[in-house]
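Participant: Which chain is which? The protein sequence lines are A, B and C, in order.
Residue numbering for the first sequence follows my numbering, starting at 396 and increasing by one per position.
Residue numbering for the second sequence follows my numbering, starting at 100 and increasing by one per position.
Residue numbering for the third sequence follows my numbering, starting at 111 and increasing by one per position.
Source of the hints: derived by calculation from the structure; they are not laboratory data.
Accuracy of the hints is not assured; some may be wrong.
Said to hold, decoys possible - Straight-line C-alpha distance at most 25 Å; calculated SDA-like pairs for lysine to any residue:
no.: 1; chain 1: A; residue 1: K619; chain 2: A; residue 2: N606
no.: 2; chain 1: A; residue 1: K656; chain 2: A; residue 2: N515
no.: 3; chain 1: B; residue 1: K342; chain 2: C; residue 2: P390
no.: 4; chain 1: A; residue 1: K546; chain 2: B; residue 2: D113
no.: 5; chain 1: A; residue 1: K549; chain 2: A; residue 2: L535
no.: 6; chain 1: C; residue 1: K228; chain 2: B; residue 2: C247
no.: 7; chain 1: C; residue 1: K366; chain 2: B; residue 2: C247
no.: 8; chain 1: B; residue 1: K293; chain 2: B; residue 2: G278
no.: 9; chain 1: B; residue 1: K342; chain 2: A; residue 2: N515
Claimed, not checked - With the C-beta cut set under 8 Å, the calculated list includes, among others, these residues of chain C facing chain B:
no.: 10; residue: V211
no.: 11; residue: Q220
no.: 12; residue: G292
no.: 13; residue: A380
None of these values were measured; they are calculated from a predicted model.
Glycine included, every Cβ here is placed at the ideal spot set by N, Cα and C.
So the chains spell out like this:
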Amino acid sequence: MADKKPTHKGKMVPLPSRSIVPERDVHTRPVLETRHLGIDFGGLTAVDDFDLTIGRTEIAGLIGPNGAGKTTVFNLLTKVYQPTRGTILIDGMDTAGKTTSQINRMGVARTFQNIRLFSNLTVEENVKVGLHNQIRYSGLEGVLRMPSFWKKEKLAHESAMGLLSLFDMQDLASHQAGSLPYGAQRRLEIIRALATNPSLLLLDEPAAGMNPSETAELMENIVKIRDTFHTAVLLIEHDMSLVMGVCEGICVLNFGRIIAKGTAEEIQANPVVIEAYLGKKKEA
Amino acid sequence: MKKLNRIKATTKVDFATYLGVTLAFLIVSALQSGGMLSNAMNSWLVPICCFIVMAVSLNLVVGISGELSLGHGGFMSVGAFSGIVAGMSLAEAIPLAPLRLAVAILVGAACAAVAGFLIGIPVLRLRGDYLAIVTLAFGQIIKDLITCLLVGYDKDGLHIVFNLDGLRTVSDLHLEEGGVAIIKGAQGAVGITKMSSFTAGYILVMVTLVIVLNLIRSRTGRAIMAIRDNRIAAESVGLNVTKYKMIAFVVSAALAGAAGALFGLNYSGLVSSRFDFNTSIMVLVYVVLGGLGNIWGSVIGAAVLYALPEALRGLQDYRMLIYAIVLILVMLATNSDQLKGLLGRLIPGRKEKTNG
Amino acid sequence: MVFFSYLFSGISLGSIYAIIALGYTMVYGIAKMLNFAHGDVIMVGGYICYCSMTYLGLPAIVSILLSMVVCTVLGVVIEGLAYKPLRQAGSLAVLITAIGVSYFLQNAAQLIWGVTPKIFTPVVSFPMPEGLAAMGLSSVAVVTMVTCVVIMIVLTTFVNHTKLGKAMRACSEDKGAAQLMGINVNRTISLTFAIGSALAAIAGVLLCSYTPTLIPTTGSMPGIKAFTAAVFGGIGSIPGAFIGGLLLGIIEALAKAYVSTNLANAIVFAVLIVVLLVRPTGLLGKYVPEKV
Chain A
396 MADKKPTHKG
406 KMVPLPSRSI
416 VPERDVHTRP
426 VLETRHLGID
436 FGGLTAVDDF
446 DLTIGRTEIA
456 GLIGPNGAGK
466 TTVFNLLTKV
476 YQPTRGTILI
486 DGMDTAGKTT
496 SQINRMGVAR
506 TFQNIRLFSN
516 LTVEENVKVG
526 LHNQIRYSGL
536 EGVLRMPSFW
546 KKEKLAHESA
556 MGLLSLFDMQ
566 DLASHQAGSL
576 PYGAQRRLEI
586 IRALATNPSL
596 LLLDEPAAGM
606 NPSETAELME
616 NIVKIRDTFH
626 TAVLLIEHDM
636 SLVMGVCEGI
646 CVLNFGRIIA
656 KGTAEEIQAN
666 PVVIEAYLGK
676 KKEA
Chain B
100 MKKLNRIKAT
110 TKVDFATYLG
120 VTLAFLIVSA
130 LQSGGMLSNA
140 MNSWLVPICC
150 FIVMAVSLNL
160 VVGISGELSL
170 GHGGFMSVGA
180 FSGIVAGMSL
190 AEAIPLAPLR
200 LAVAILVGAA
210 CAAVAGFLIG
220 IPVLRLRGDY
230 LAIVTLAFGQ
240 IIKDLITCLL
250 VGYDKDGLHI
260 VFNLDGLRTV
270 SDLHLEEGGV
280 AIIKGAQGAV
290 GITKMSSFTA
300 GYILVMVTLV
310 IVLNLIRSRT
320 GRAIMAIRDN
330 RIAAESVGLN
340 VTKYKMIAFV
350 VSAALAGAAG
360 ALFGLNYSGL
370 VSSRFDFNTS
380 IMVLVYVVLG
390 GLGNIWGSVI
400 GAAVLYALPE
410 ALRGLQDYRM
420 LIYAIVLILV
430 MLATNSDQLK
440 GLLGRLIPGR
450 KEKTNG
Chain C
111 MVFFSYLFSG
121 ISLGSIYAII
131 ALGYTMVYGI
141 AKMLNFAHGD
151 VIMVGGYICY
161 CSMTYLGLPA
171 IVSILLSMVV
181 CTVLGVVIEG
191 LAYKPLRQAG
201 SLAVLITAIG
211 VSYFLQNAAQ
221 LIWGVTPKIF
231 TPVVSFPMPE
241 GLAAMGLSSV
251 AVVTMVTCVV
261 IMIVLTTFVN
271 HTKLGKAMRA
281 CSEDKGAAQL
291 MGINVNRTIS
301 LTFAIGSALA
311 AIAGVLLCSY
321 TPTLIPTTGS
331 MPGIKAFTAA
341 VFGGIGSIPG
351 AFIGGLLLGI
361 IEALAKAYVS
371 TNLANAIVFA
381 VLIVVLLVRP
391 TGLLGKYVPE
401 KV
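The shape of chain A in the complex, shown without the other chains (with noise of 0.2 Å):
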């Protein structure tokens, strides 16, 4: 399957900004911009001066050591914790004072790195609390029964199937999400994100605990939501095989700094990256 990877890969063109997107995305306002991000924990800086620009369609790598503050990132990204400095832009607009919900009304949506589902609802219920901002109607016209209950709830019953089928996983659909096997949870988790109908999908350690089977099905998978979905994809991994097979931009934090950004090639040749994670080398 690692054949077929480079095929969808664009070339990275830098923007005004001297960030780089891919070239079909350089026309495009970015979806995401961070300026100048940081967070301090009691005078600890977690994460400082991070710059990030994603294209309209890029599927983007964000790696580096354990505790580089990567999950801080996405943290900040989706307001789970407030920024102590700098600017969040999506789709050009500034975040400042908005919720982790309002963020996903903005278009972010995002999975967890120790995965969070609503455990004790089915798949498909986990699914449908995904399109509770996409297919609406109020808790009056549910209490009464109103037609539009009806036709509404089929809906979300038919979306729900169509976003299940995207990962084979209808026929789990009545299924306790909390009593799944791991990888389905995953997989749920990051149907759920899509069920917001984001325009930027984050994935935390999506590969984690996957055989290399899995992980392959995994990135064919991540090209097929950003073509179906037209969606921009920013995610941590420490699988370097699915961060290098299929993603554009890659971004290395490491002690909540960037130390690197570039394309695959890029960072592999990288000596600052080659030290972050192996250490300086030593003379033998």
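Model the placement of chains B and C on the given structure of chain A, informed by the hints.
Facilitator: Here is chains B and C on its own, set in the frame of chain A:
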């Protein structure tokens, strides 16, 4: 196809609940008209309906929304006293008693909903046990406030005096001739015209079940349960956490208020200490023993556990002791590790929240 | 002058709340459970002391010790029989069980001692210097305050500077990790219940000296108030319980004197709500953010 089967499964449970309640009502009504119920048993019927509504509505907060509330009795109290005032003062405006009862219940529900909204603002900013203690505090505050309340009505309308210093009496209401004092501070409400009936209780239970079950099986209910299961994930998919917690809280308070109005209009006199901490706790016991998030469980839990101490009256002084022992043993039997797994298989759908 | 007499009354009531709250907060800190039966252990403590003094004619100090021993045993037995089997169960299950225990104790007390109030004679009484007595400071109040401060100091020293205290703190942070470090978690929890119940006995005796009527439900309202005090100060924190208890007692006494007797409790609870709004984890409580 599987999906269709599942819809049928939850719908089946819901309809079984409606059917069960209706059958129970019909059977008990038949027994009642046949004169087969003792006076004591007759007197339980309306309270049982009220406490079923209380348990179902509390389950919406504790089981479905996942927040521990120890002040549900406070909403019942608000509903009871506002319902009594409405029921009494509207005697001339609405001569038809059942209609007046319905209006009184609506007034009780509305007042409790307002109280629920007001208390929800601070409560829903807190988490876990801190939230629980604030609901407890609220229940106590309501009880004390009503103790200080003097309400009467005459042809000019309602007269309300707040007896802060404890020195005021009914005469401070300055009622015109023919006026009636409804709430007399610490003495509570007196001289209430009894309006509640078992039929009204049945209708209220059914309405409550329809509201709660339909709410749970809708977009709103899914959102509430999603927030319970994982607040951060719920926010990450764009749910407004405060809004949905508030909906659960206010709907629950309104239903408790309705139950309170029905309860209040079932007696000729009522004191505010009737709805103290123990009342809230009692309802919580119904909900937990009936199963968190399990609506028909709450119905059965409330009916059985309300009747149990009453039925044990023959044992006189020992009845509450036995009740306490039964309660502890049931909790141990259903929650200790060995028996829990077994029971989980026997009663599907019984969910226990471990990190409450 | 009148103000001081209200203030002293408040401090002495607050000291009692603080002692009860210390028991609540220790048990909460370690077992993470709201032990609603705690208030009823207080009541049992009061009755034991009363019986020992009235029926057995034992001296006050012996009666207090006896009452502490009985309550300690009672606390450990309750924990072992009712709470220990539920260690892995949900917190609501434990809460309901605690309520069951509370019902049980109240009704058992009613069967044993009846509903007629017992009139409790204060355990200690010595002449006060005239100036102080004129300000409304009674000997019972002095004993209560001193006891509370002593308990507070001993408890803080115990928890912070002894091996057992360290074990307790470890258990309250992380039971699993504590177990891996060779701490006997079950025994530590039992010990906590023992200490909490012994404190409850002292609180019971002092409470009955403060308000001399003793009935089977004597403990419930002070129990709830002390629980409020523990939350007020930040549940799980020992100094928090002390400060919370004192403040609560003072607010209650002053509200009773200057605002309304009927509304004193309501005011206490309203202050609690306001405090929690400003500081959602109480005055000295730690805010532990959820890890994402």
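Participant: Each hint: holds or not?
Facilitator: Do the hints match the structure? See the list:
1. A:K619 to A:N606: holds (20 Å)
2. A:K656 to A:N515: It is violated: about 41 Å lies between the C-alpha atoms, which goes past 25 Å.
3. B:K342 to C:P390: Holds, at about 19 Å.
4. A:K546 to B:D113: holds (21 Å)
5. A:K549 to A:L535: holds (17 Å)
6. C:K228 to B:C247: violated (30 Å)
7. C:K366 to B:C247: holds (14 Å)
8. B:K293 to B:G278: holds (19 Å)
9. B:K342 to A:N515: holds (21 Å)
10. V211: With Cβ-Cβ at 6 Å, under 8 Å, it holds.
11. Q220: Status holds, d = 7 Å.
12. G292: violated (24 Å)
13. A380: This interface hint holds because 6 Å falls under the 8 Å limit.
Figure legend: structure checked against the earlier numbered hints; hints not met, in rising order: 2, 6 and 12.
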